[in-house]
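Undergrad: Assemble the complex: chain W is given as a structure, and chain B must be docked to it using the hints.
The listed protein sequences derive, respectively, from chains W and B.
Note that the working numbering has the first sequence beginning at 1, numbered continuously upward.
Note that the working numbering has the second sequence beginning at 1, numbered continuously upward.
Source of the hints: derived by calculation from the structure; they are not laboratory data.
It is possible that some hints are incorrect.
Claimed, not checked - EDC-like, lysine to aspartate or glutamate: derived pairs with alpha carbons at most 16 Å apart:
| no. | chain 1 | residue 1 | chain 2 | residue 2 |
| --- | --- | --- | --- | --- |
| 1 | B | Lys218 | B | Asp9 |
| 2 | B | Lys135 | B | Glu145 |
| 3 | B | Lys94 | W | Asp33 |
| 4 | B | Lys253 | B | Glu230 |
| 5 | B | Lys13 | B | Asp26 |
| 6 | B | Lys74 | W | Asp210 |
| 7 | B | Lys219 | B | Asp26 |
| 8 | B | Lys135 | W | Asp263 |
| 9 | B | Lys135 | B | Asp172 |
Claimed, not checked - Computed footprint of chain W on chain B, listed as stretches where at least three residues anywhere in the stretch have a Cβ under 8 Å from a Cβ of chain W:
| no. | stretch |
| --- | --- |
| 10 | 44 to 58 |
| 11 | 97 to 105 |
In this text, a Cβ means the ideal position worked out from N, Cα and C, and glycines have one as well.
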Amino acid sequence: MKPTTIIILLILATLITLGFSSYLGSSTITNPDIQQHILTQIRIPRILFAFLAGSGLALCGMVFQAMFHNPLATPFTLGVASGASLGAALYVYLGFNISLLGIDGGTFAAFLGALLAITFVYSISRLQRGFSPETLLLTGVAISFFFSSLILFTQYLSNLTDSFQIIRWLMGSLTTVGYQDILQLLPFVTLCAATIIWLSRELNLLMAGDDIALSRGVSVHSVRYLLFFVTSLCVGAIVALCGPIGFVGMMVPHICRLLIGSDHRWLIPATLLFGGTFLIICDTIARLVIAPAEIPVGVITTLLGGPFFLWLLIKSRNNET
Amino acid sequence: MTIQLNVSDLTLKIANKTLLSNISFDLLKGDYLCILGPNGAGKSSLLKILMGITPASSGEVIIHQQSLSQLSQKQRARQLSYVPQAHQGLLHFKVEEFIKMGRYAHHSVLSEWNTNDRLAVERAITITQTEGFLKRQMNTLSGGEAQRVMIAAALCQQTPILLLDEPTSFLDPRHQVEVHQLIMQLNQQHGISIIEVSHDLNHAAQHSQHILALKQGKKLWYGPSADLLETDRLSALYEQQFVFTSHPQTGAKVALPSEVL
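The shape of chain W in the complex, shown without the other chains (with noise of 0.2 Å):
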């Protein structure tokens, strides 16, 4: 198949997803008035922003498998998540409430931790000459078990309605939703996917690995720079707001490349859309399963990544033999 046609099915897909998942839910009103009611102000927000959420994770994850030319890392995998989520964490803990230009004062902790954290791995595995993915993805489970026990004090210092508030965030939930929440979150998917778009002749470079991106003129420090940057905002913000939703990262692009390829300039669109519709379905199936109460969205994601996940695992391991 085209890349484009790809590209149109997927938009068609999306377009389906959102129009069924609006329709669908656990509500049995009658009621017109209020069916309106509960459409436009709880289910349309809830599927933009998980929209959004969606596409802004598996287009971080998919810079990440570029940049570290394996499928395996993603922000999740290499405790980028973990940073973020120890800075809301702490956020919430320490009782700040601020916020600066209309944005919570957590989606910039969140940010702030996320940055330690790629950091802090970065750091680390560049210690040794060219860096083995290994080490990098050692790095990013010491360092994700490191901010968990972190996260953990703070929720056992913590009084119970914080510690609880921090437990059900750290689930992934797509539930604390109205259209303020979207204008949150907007800003950084759009600068984070803007960024990535500008940058994706280089993200092709960089997949060759770092000699023949070097070689072929692409300033390799500085856009890895600038994409660490642009993603820690996304995902600090993505985590601020709806908890640490793991596997998506890894998933979609993993499929997307699958589907369309590796040419970044047809694999973003196609990422973006799919990571979208995905978690749109993924909520659509967490909030029906046990209705009227609902499955929090990550438990979900998880479900299905962690045999995603070994499985990428198995299939790298027969490739290098």
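TA: The following block gives chain B in isolation, referenced to the frame of chain W:
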């Protein structure tokens, strides 16, 4: 002869280890320079410094009266192109896509693919004779095919100087000859200056113009290739005795490692 590239006092230190110390040499226009030396002599590091992959600790490289360190990576990639020793991570590319990516340095963010790009790519493909496998995936190529594709991608950069890191090391004899003929063709017919890191003494002696011999990060010898095959020179470089004979076909002097009888 005009000097195309002037390297002076290049030094590379990583974690208190000196990998290269005070390397100086000139590359003439249209030159074919082979860098020889035992493993770990710093040959690949030298190429990587020139390409801007590894930053030098001190020293300077001048091209067109300009210091390389003042050029952006993109500007540098319009002067120098590079064929690395081992290729990894290329698995997902189609050959044609990969070759086209060599045009990066001639583009800005918004520029469209134009006639110059198309011609440069077509020319690179014709010279390297890679037409036959443009639609294939990189990971399905044999060693010789992959090397030609790597050279084609570098040629798309249309640089006056081409750097090659052991381009024939992992190839069988037929493909070694094929790649070496390609390099000589680039040098002689297309006027591209070549810097090649090699272990192939006899090829270097016969076909290159100058030799830079490195040992333990130091310049041991620089001179015309015809003077390379001397007993003392080779034994000092490789700590190995050599014997000499002449090529049955061409009569050229050939060095062979001596046997303990």
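Undergrad: With reference to the structure, classify each hint as holding or not holding.
TA: Structure-based check of all given hints:
1. B:Lys218 - B:Asp9: With a Cα-Cα distance of about 11 Å, the restraint between lysine 218 (chain B) and aspartate 9 (chain B) holds, given a limit of 16 Å.
2. B:Lys135 - B:Glu145: Judged against 16 Å, a Cα distance of about 13 Å means the pair holds.
3. B:Lys94 - W:Asp33: The given pair, whose Cα atoms are some 55 Å apart, is violated under the 16 Å limit.
4. B:Lys253 - B:Glu230: Holds, at about 10 Å.
5. B:Lys13 - B:Asp26: Violated - the C-alpha atoms of aspartate 26 (chain B) and lysine 13 (chain B) are around 22 Å apart, more than 16 Å.
6. B:Lys74 - W:Asp210: Judged against 16 Å, a Cα distance of about 14 Å means the pair holds.
7. B:Lys219 - B:Asp26: holds, 13 Å
8. B:Lys135 - W:Asp263: Roughly 14 Å between the alpha carbons, so the hint for lysine 135 (chain B) and aspartate 263 (chain W) holds.
9. B:Lys135 - B:Asp172: Violated. Lysine 135 (chain B) to aspartate 172 (chain B) sits at ~24 Å, over the 16 Å cutoff.
10. 44 to 58: As far as the stretch 44 to 58 of chain B goes, the hint holds, because 4 residues have Cβ atoms under 8 Å from chain W.
11. 97 to 105: holds (count 6)
Hints 3, 5 and 9, counting from the list given before, are not met by this structure.
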